[in-house]
Amino acid sequence: MATLLQEVFHNEDVPASLLMTIFVKFSGREALDFDAFVIKTQLRELLKEDPPRRAYNKLMAAINLVKSNEFWKDLPSFVLLSNALATGQFDPRVVDLASIWEVNLSIGDCIIIWPEEPSEFSDSILRYIQQMLKLEGYVIPPRLLLKIFGEKIQDTYENLISLQQDPLLYEIVFEVARQRTEEADKELLKRLQIAKDYAKRLELDNVDRLYEAVRQELIAE
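Numbering (my numbering), first residue to last: 22 to 242.
None of these hints come from the bench; they were simulated from the model.
Some clues are possibly wrong.
To be verified - Cross-link-like lysine-lysine pairs, in silico, DSBU-like; alpha carbons within 35 Å at most:
#	residue 1	residue 2
1	K61	K155
2	K88	K69
3	K168	K69
4	K46	K211
5	K173	K69
6	K221	K46
7	K61	K173
8	K221	K155
9	K207	K46
10	K173	K217
11	K69	K155
12	K94	K207
13	K61	K88
14	K88	K46
15	K211	K221
16	K155	K211
17	K173	K211
18	K61	K217
19	K46	K155
20	K211	K168
21	K61	K46
22	K94	K173
23	K207	K69
24	K88	K173
25	K217	K168
26	K61	K94
27	K217	K46
28	K46	K168
29	K221	K69
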């Protein structure tokens with residue numbers, strides 16, 4: 022078991038939600054209230070080695086989602102937690118904007134960790150996502166973001182629609198935009214699949230079905 026757990030915690034594509042599920046299974050839900058030093062000690066005992074830094078950061082970010090509403094309400098926290106959930110990188114001393122790729126992954130993980138209603142995201146966070154979509158040139162937003170925010174972020178289509186008078190240019194721009202969005206969608210689906218497979222191998226009751234349900238909902242869009 023320790024070898025499989027080590028494999029999971031060393032795999033940088035494993036979502037934070039699965040790491041937290043494993044931690045709770047072996048340490049109990051009350052372990053979410055432990056301080057950082059005790060959590061790291063618990064992980065060391067579980068893995069029979071020091072926990073990988075990125076996995077540890079992901080786990081701590083997931084615990085933050087359970088214990089506070091900062092991810093939904095506070096923009097600076099949203100940016101930091103998006104980075105931590107998506108990549109396991111976390112340094113509050115450095116200004117590191119969360120990209121749409123990271124936001125997409127972190128919200129995908131968030132709806133499994135704590136399925137808040139979309140309206141719970143603050144206006145400042147919504148504006149941040151809107152601006153990052155434009156800044157990064159996402160003419161077509163990723164499926165998950167469209168599903169959650171809908172028409173609030175659909176104004177990114179306007180630039181694409183304005184090109185319809187030139188069919189050739191429209192086709193070129195649309196294809197580039199489609200590929201960019203598809204990459205973000207595929208990365209999220211890949212991580213959900215990885216989590217599902219590990220959950221099944223670890224015999225985590227019904228957890229694999231939860232990841233598959235989210236995958237199928239996204240695929241069906």
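Task: Numbers of the earlier hints that this structure fails to satisfy, in rising order - done: 1, 3, 5, 7, 8, 11 and 19
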